[in-house]
Amino acid sequence: MGGRARIAAETPDEQRLQLVLEPVLQEAGWVIDHSLDRLWNRRLGSRWVLEATGDGPRAVTVLTAPQASELSRVSSAWPKSHILATQSFTADVSSEVSWLPRLVPDYCFPPGVGADPFGITAKFRLESRPRLVYLGGYTHGAVLTRLLETASDLLTVDGELVLPDSLSLRAAWAPVVRRMQLAERVVFLPSLTGPEMAGLLLGADVLLALDPTDTGRTLASWGLASGTPIVAQHSPINEALFGPAALWVYEESASVWRRAILQALDRVPLRETLTDRALAASEAWRLSEAQEAWTQRLKLLER
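In the numbering used here, the protein residues as written are 1 to 303.
You may find that some hints are simply not true.
[What the hints assert, rightly or not] Label-pair restraints from in silico Cβ distances: (1) Ala-172 x Ser-288: 39 to 49 Å; (2) Glu-27 x Lys-123: 29 to 39 Å; (3) Pro-244 x Val-268: 16 to 26 Å; (4) Asp-266 x Ile-32: 44 to 54 Å; (5) Thr-90 x Glu-289: 16 to 26 Å; (6) Glu-96 x Gln-296: 13 to 23 Å; (7) Ser-128 x Arg-297: 43 to 53 Å; (8) Ser-255 x Thr-295: 46 to 56 Å; (9) Ala-142 x Val-31: 38 to 48 Å; (10) Tyr-250 x Gln-296: 14 to 24 Å; (11) Thr-273 x Ala-142: 21 to 31 Å; (12) Glu-127 x Glu-96: 46 to 56 Å.
[To be verified] No more than 16 Å apart at the CA atoms, straight line, and that leaves these computed lysine to aspartate or glutamate pairs for EDC-like: (13) Lys-299 x Glu-27; (14) Lys-299 x Glu-22; (15) Lys-80 x Glu-96; (16) Lys-123 x Glu-27.
None of these hints come from the bench; they were simulated from the model. Note that the Cβ used here is the ideal one computed from N, Cα and C, for glycine as well.
With these hints in hand, go ahead and build the complete structure from the sequences.
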């Protein structure tokens, strides 16, 4: 008899994880229940709650690339919960945690079979180079200011800054974007399908993770799988997500960010190194290969 997975995916990044994890759960014999609106405490970083048969409402907690401190907080809050954690580049492997590969659709990896790079460029008229794609959240004003200042300094002649999952912000941002002369450079996108998002990441020139605390964890994993060079603000959360596969920026300055992005764009050996590291780090996350480990672990939890 399988367990019951109660899932509430509220943000586009959580929905991307849901897109991949739900079929894996079902393959392992779990029943999906969307009846509850909120099943996690965001401060603790818990994103998924699985209810094993007869074991209570928080029998299993699933965390994506957690830091050691996050694991400790979740363990303290729910000491009886079994933790499934996907690969983190900084947390020590613990016997109390089941470590599993991150789950990334195969179409996210080069050459992108099943992705939709041409559809996404035509649909949203993505025509300029360099194409910079943002991987962070939209809640921290200082981060967003630095993002736009960097784009203003860098995209003076051509190029575009693409903001996934941001269409609802376009009206509020319009005056600022016009004032900074970025009206033709900033592209606000709605939530995309999986193949569309994969096509966007594969077709980008550089991926930007400016936010030190609110990088989309699923989007970051998909970005690594694409092999597109990543420039990231150094922080504990981002280090757990990207490990050795990002060009790290240690200062919070638009001018420093501009220089880092130019290096990632223009220095061919650096681009090749970042691509090689990203693909090496993410190879084991291919859904076609990683699903078996998840299925086996989920079936063990039923016992």
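Here is what the structure says about each hint:
As the Cβ distance of Ala-172 to Ser-288 is approximately 41 Å, the hint placing it in 39 to 49 Å holds. A C-beta distance of roughly 32 Å is found between Glu-27 and Lys-123, which places it inside the suggested range of 29 to 39 Å. Between Pro-244 and Val-268, the C-beta spacing of about 19 Å keeps the proposed range 16 to 26 Å intact. Taken as a hint, the range 44 to 54 Å holds for the pair Asp-266 and Ile-32, whose Cβ atoms sit roughly 47 Å apart.
A hinted range of 16 to 26 Å for the beta carbons of Thr-90 and Glu-289 is consistent with their spacing of about 23 Å. At about 19 Å, the CB distance of Glu-96 to Gln-296 agrees with the hint of 13 to 23 Å. A beta carbon spacing of about 44 Å between Ser-128 and Arg-297 agrees with the range 43 to 53 Å that was offered as a hint. For Ser-255 paired with Thr-295, a C-beta distance near 49 Å keeps the hint of 46 to 56 Å intact.
For Ala-142 and Val-31, the Cβ-Cβ distance of about 43 Å falls inside the hinted range of 38 to 48 Å, so the restraint holds. In this structure the hint that Tyr-250 and Gln-296 lie 14 to 24 Å apart at CB is violated, the actual value being about 40 Å. Checked against the hint of 21 to 31 Å, the C-beta distance between Thr-273 and Ala-142 comes to roughly 30 Å, which is consistent with it. At roughly 51 Å, the beta carbons of Glu-127 and Glu-96 sit within the given window of 46 to 56 Å.
A C-alpha spacing of about 10 Å is found between Lys-299 and Glu-27, which places the hinted pair at or below 16 Å, so the restraint holds. Between Lys-299 and Glu-22 the CA atoms are separated by roughly 14 Å; this keeps the pair inside 16 Å, and the hint holds. With a C-alpha separation of about 11 Å, the suggested pairing of Lys-80 with Glu-96 holds against the 16 Å cut-off. With a CA separation close to 34 Å, the supplied pair Lys-123 and Glu-27 exceeds the 16 Å bound.
In this structure, the earlier hints numbered 10, 16 are contradicted, and the remaining ones agree with it.
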